[in-house]
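Protein sequence lines correspond, in order, to chains R and F. The first sequence: position 216 = 216 (my numbering), numbered continuously. The second sequence: position 269 = 269 (my numbering), numbered continuously.
If you are wondering where the hints come from, they were derived from the structure by calculation, not from laboratory data. Errors might be hidden in some of the hints.
To list a few chain F residues with every Cβ distance to chain R over 12 Å, as calculated [claimed, not checked]:
| # | residue |
| --- | --- |
| 1 | A6 |
| 2 | L129 |
| 3 | R178 |
| 4 | L253 |
| 5 | M308 |
| 6 | A318 |
| 7 | S475 |
| 8 | F477 |
| 9 | L481 |
| 10 | A483 |
| 11 | A491 |
| 12 | T561 |
Derived contacts from chain R toward chain F, CB cut-off under 10 Å, selection only [stated by the list, open to error]:
| # | residue |
| --- | --- |
| 13 | L54 |
| 14 | D57 |
| 15 | R78 |
| 16 | E98 |
The structure presented is a predicted model; accordingly, all values stated were derived computationally and were not measured. No residue lacks a Cβ here, since even glycine has one placed at the ideal position from N, Cα and C.
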Amino acid sequence: MSAVLQVSDLAKSFGGVAAVDGVSFQVGAGERLALIGPNGAGKTTCFNLLNGQLRADRGSVVLDGKNITGRKPRQIVRLGIGRTFQIARSFLSMTVAEAVETALDAATRHTLSFRRAPDASFRIAELLGQVGLQDQADRPVTELPYGDVKRLDLAMALSSSPRLLFMDEPTAGMAAADRALLMDQVSAIVAASGLAVLFTEHDMEAVFGHADRVIVMARGQLIAEGTVDEIRRDPEVRRVYLGRAETGEAEAMPETHV
Amino acid sequence: MGFYFAQALTGLASASSLFLVAAGLSLIFGVTRVVNFAHGSLYMIGAYVAMDVIGLFGKVPGFWLALPIAALVSAAVGGLIEVTVLRRIYRAPEMFQLVATFAIVLIAQDVAEWIWGVADRFGPRAPGLSGVVTIFGERIPEYDLFLIAMGPITLFLLWLLFARTRFGVLVRAATQDREMAAALGVDQAKLFTAVFCLGAGLAGLGGAMQVPRDAVTLTMDLEIIAEVFVITVVGGMGSIPGAYLAAILISELNAFGILILPEITLIVAFAAMAVVLVIRPYGLLGRPPSAPETPPGPGMGTLRLPAMAWGGLFLVMALLPLVVDQFMTVLIIDIMILGMFAMSLQFLMGPGGMVSFGHAAYFGVGAYGAALLVRHLEADMGWALAVAPVAAAAAALFFGWFCVRLSGVYLAMLTLAAAQIVWAAAVQMQDFTGGDDGLTGIWPAKLFGDDLAFYYLALAFAVIAVLVLRQATRSPFGRALTAARDAPLRAEALGINVQNQQWMAFTLAGTVAGLAGGLYVFKKGSVFPDVLAIPQSVDALIMVLLGGVDVLAGALIGASTFVVLEDVFNQFEAWRSMLGGVILLIAMLAPGGMAGLGSMIRRRKPA
Numbered sequence: 001m002s003a004v005l006q007v008s009d010l011a012k013s014f015g016g017v018a019a020v021d022g023v024s025f026q027v028g029a030g031e032r033l034a035l036i037g038p039n040g041a042g043k044t045t046c047f048n049l050l051n052g053q054l055r056a057d058r059g060s061v062v063l064d065g066k067n068i069t070g071r072k073p074r075q076i077v078r079l080g081i082g083r084t085f086q087i088a089r090s091f092l093s094m095t096v097a098e099a100v101e102t103a104l105d106a107a108t109r110h111t112l113s114f115r116r117a118p119d120a121s122f123r124i125a126e127l128l129g130q131v132g133l134q135d136q137a138d139r140p141v142t143e144l145p146y147g148d149v150k151r152l153d154l155a156m157a158l159s160s161s162p163r164l165l166f167m168d169e170p171t172a173g174m175a176a177a178d179r180a181l182l183m184d185q186v187s188a189i190v191a192a193s194g195l196a197v198l199f200t201e202h203d204m205e206a207v208f209g210h211a212d213r214v215i216v217m218a219r220g221q222l223i224a225e226g227t228v229d230e231i232r233r234d235p236e237v238r239r240v241y242l243g244r245a246e247t248g249e250a251e252a253m254p255e256t257h258v
Numbered sequence: 001m002g003f004y005f006a007q008a009l010t011g012l013a014s015a016s017s018l019f020l021v022a023a024g025l026s027l028i029f030g031v032t033r034v035v036n037f038a039h040g041s042l043y044m045i046g047a048y049v050a051m052d053v054i055g056l057f058g059k060v061p062g063f064w065l066a067l068p069i070a071a072l073v074s075a076a077v078g079g080l081i082e083v084t085v086l087r088r089i090y091r092a093p094e095m096f097q098l099v100a101t102f103a104i105v106l107i108a109q110d111v112a113e114w115i116w117g118v119a120d121r122f123g124p125r126a127p128g129l130s131g132v133v134t135i136f137g138e139r140i141p142e143y144d145l146f147l148i149a150m151g152p153i154t155l156f157l158l159w160l161l162f163a164r165t166r167f168g169v170l171v172r173a174a175t176q177d178r179e180m181a182a183a184l185g186v187d188q189a190k191l192f193t194a195v196f197c198l199g200a201g202l203a204g205l206g207g208a209m210q211v212p213r214d215a216v217t218l219t220m221d222l223e224i225i226a227e228v229f230v231i232t233v234v235g236g237m238g239s240i241p242g243a244y245l246a247a248i249l250i251s252e253l254n255a256f257g258i259l260i261l262p263e264i265t266l267i268v269a270f271a272a273m274a275v276v277l278v279i280r281p282y283g284l285l286g287r288p289p290s291a292p293e294t295p296p297g298p299g300m301g302t303l304r305l306p307a308m309a310w311g312g313l314f315l316v317m318a319l320l321p322l323v324v325d326q327f328m329t330v331l332i333i334d335i336m337i338l339g340m341f342a343m344s345l346q347f348l349m350g351p352g353g354m355v356s357f358g359h360a361a362y363f364g365v366g367a368y369g370a371a372l373l374v375r376h377l378e379a380d381m382g383w384a385l386a387v388a389p390v391a392a393a394a395a396a397l398f399f400g401w402f403c404v405r406l407s408g409v410y411l412a413m414l415t416l417a418a419a420q421i422v423w424a425a426a427v428q429m430q431d432f433t434g435g436d437d438g439l440t441g442i443w444p445a446k447l448f449g450d451d452l453a454f455y456y457l458a459l460a461f462a463v464i465a466v467l468v469l470r471q472a473t474r475s476p477f478g479r480a481l482t483a484a485r486d487a488p489l490r491a492e493a494l495g496i497n498v499q500n501q502q503w504m505a506f507t508l509a510g511t512v513a514g515l516a517g518g519l520y521v522f523k524k525g526s527v528f529p530d531v532l533a534i535p536q537s538v539d540a541l542i543m544v545l546l547g548g549v550d551v552l553a554g555a556l557i558g559a560s561t562f563v564v565l566e567d568v569f570n571q572f573e574a575w576r577s578m579l580g581g582v583i584l585l586i587a588m589l590a591p592g593g594m595a596g597l598g599s600m601i602r603r604r605k606p607a
């Protein structure tokens, strides 16, 4: 499997505390890679290094052979990486369709234009259809339930047709049934478009049901990497998650984050 | 060597008064999040009260009684303002608070004039400190040494207050986390009033301390407020040690700047502020502000009148001069010119989400640009009107580059400082701009010499302004701008260059304001530095507030109301107070403005 994203020896310290300490991994084309770890493991810092919100102390991030280390968030987006937010932030003064249209304008570098782009309604409908919001197009964003705000966030992230998508806690704040639906939608998009997804997640059901591969962080370092089954049985991962070493027969990982 | 030392001491002496006033402003902002324009009024009141006390008790002990009494009176007035006005608008958007405190400035000016009269007053030297001491062969006024000592002493006393008393702990808690302090059971109402009194008292003391150095005048309120804004922004809003550092920095720059560039001292202060803010966006010792207080709602800033309504309005405007008399025609020309000015500010504030306290800068640059071209190059009206928006665009491009690096209150105060620079330049560059005498005799071309022709010219310009701003709001440009306002991180993560988007919007707003300014010159036949001054900027804010910030057409409603109100109130002596009263009423009763009243009612209905 060829790598879309190659992360090598990434590190970041805050006031002498290493939040991310020499992390290396890769994301393959069309792969759904989950990044998990207990609170404070450095997942969010790692994410913010990748999407350009933070500047790395050392290490490199290479997208499709192109070094993107140290680029600004908007430059990284333009190079083909979309992202969604843990706490979905949307354009609260707009309707659903307007928000997606704005995202499309941004993707096509039209944001200084005084003329509306040629009719984008087909593309808007297509994007909203992928996340199941096609019937909500004309609703004000403020009226959407939170799960749909997260779906809109996803539709906006997809508007630039990225090759790679970063999703920070895609199901955080959602009801259980709604989580499963969102993750199914993500998997369908991946299957249809060959998009690669890197996501962090607390909900182990989402991870084990929807990741092709899992990497585990603790105290700023990667401690395990493998398929869902391998990670489920990894004693080190179990120790980190449960706070004690367990031996003997591997039980299933806790269903939800402890 | 001795000379430079003396100059440095002069700077330090000036810093003390500024520090007291700035510390009060910063303290009030830190706890209540209100930028108190009326702080200059409290400073002025302190100075006048000090004069009265000295008059009553004689120089000795009058002067030494004057300091505490002035502080107490200002504190009492501050408390009164807090309880009667500010308490009602803490939850309103920043703009409303600012405009409301400016309304207090207007009322305070009338009251001060009524009590103390218009004549400037000159205080006596401080008893016991009227001599000079000789240091390094330079004569230093003893009073300057007293002032120099007062700065650190006040700083130390405030530190004691905040570090060692329960009140201080509460103030610090409220400054750092308002919600948390409230959750811990702090009585916010009492705390806010107390803080306001303390801040106001500091301003009053600062005013009293200036009495031996400067004349006491009715204009000292707005003169000091711009400088104090610069100091609080440079020091970091809410930081008292920061205010002290910044007061010294700015005063020393002024003291030495006057030696190098005597004509443009304010530019030195601005340059310093710009440098500090580019390196440290929240000032020397400030912290990033917490999230914006008023989340955007549906359509905020971008509600649109349908094209039909605009068409109808245009028809009415085109036919109106045929039925109204000449007086009304002239009045409507004023409305259209100020309406363009207000619409440009609405665009900046609504879709752009940037509140400007200094939008007059671009109106004024347009006006001066046109007038200077006529005066110095004998250009005709066509050229002058073409240059006005271009000149304003250039100014907005320059100042906007700095302003968009900030947000919220910081951005607003930087726009005010920028406007003060342009104002100072217009006043100080006498040979070029005519200084306070302005430029006169700038009459329109013959064709537009009569009111009716000028009316249609103004209408044509207003139509252009509406079309441009309306298109800007609904185009991808305006959408991306609104996106940047609603959720900057999300916008940036979609590839939108947020600062660039805001910079271009700032420039566009400035350009349209300049267009209005150019027209204004030919309407009046003259231009004075007033068009660049703070009241002109606040007028535009008031118009936007009157009409409602959500919709472009609101600015026109606001401008109409404002011009008519001003025309009616102008017949009375206390017109400023009356205007101030109306503004206060609107800010307290209809925070959505008149155009917002409709949507307020609609929003209350269940969905």
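Taking the hints in turn, this is what the structure says about them:
1. Non-interface call for A6(F) relative to chain R: holds, since the shortest CB-CB distance, roughly 44 Å, exceeds 12 Å.
2. Annotated as non-interface, L129(F) keeps its C-beta farther than 12 Å from every C-beta of chain R; the closest such distance is 49 Å.
3. Consistency note on R178(F): stated as away from chain R, and its beta-carbon is indeed over 12 Å from all of that chain's, at 21 Å minimum.
4. A cut-off of 12 Å between C-beta atoms confirms that L253(F) is not in contact with chain R; the least separation is 33 Å.
5. The claim that M308(F) is not at the interface with chain R holds, since no C-beta of that chain comes within 12 Å of its own (minimum 20 Å).
6. Every beta carbon of chain R lies more than 12 Å from that of A318(F), the smallest distance being close to 26 Å; the non-interface claim holds.
7. Remark: the non-interface label on S475(F) conflicts with the geometry, its nearest Cβ contact in chain R lying 4 Å away (cut-off 12 Å).
8. The beta carbon of F477(F) is not kept farther than 12 Å from every beta carbon of chain R, the shortest such distance being approximately 6 Å.
9. Remark: the non-interface label on L481(F) conflicts with the geometry, its nearest Cβ contact in chain R lying 8 Å away (cut-off 12 Å).
10. At the 12 Å boundary, the C-beta of A483(F) falls inside the reach of chain R, the nearest C-beta of that chain being 5 Å off.
11. Distance check on A491(F): its Cβ comes as close as 7 Å (rounded) to a Cβ of chain R, failing to clear the 12 Å threshold; non-interface status is violated.
12. Every CB of chain R is more than 12 Å from the CB of T561(F) (nearest about 25 Å), matching its label as outside the interface.
13. Hint on L54(R) is violated. Least Cβ distance to chain F is approximately 13 Å, over the 10 Å limit.
14. The interface hint given for D57(R) is broken, as the beta carbon of that residue sits about 22 Å from the closest beta carbon of chain F, more than 10 Å.
15. About 5 Å separates the beta-carbon of R78(R) from the nearest beta-carbon of chain F, less than 10 Å, and the hint is met.
16. Because the closest C-beta pair between E98(R) and chain F is about 7 Å apart, less than 10 Å, the hint holds.
Checked against the numbered hints above, the structure violates hints 7, 8, 9, 10, 11, 13, 14; every other hint is satisfied.
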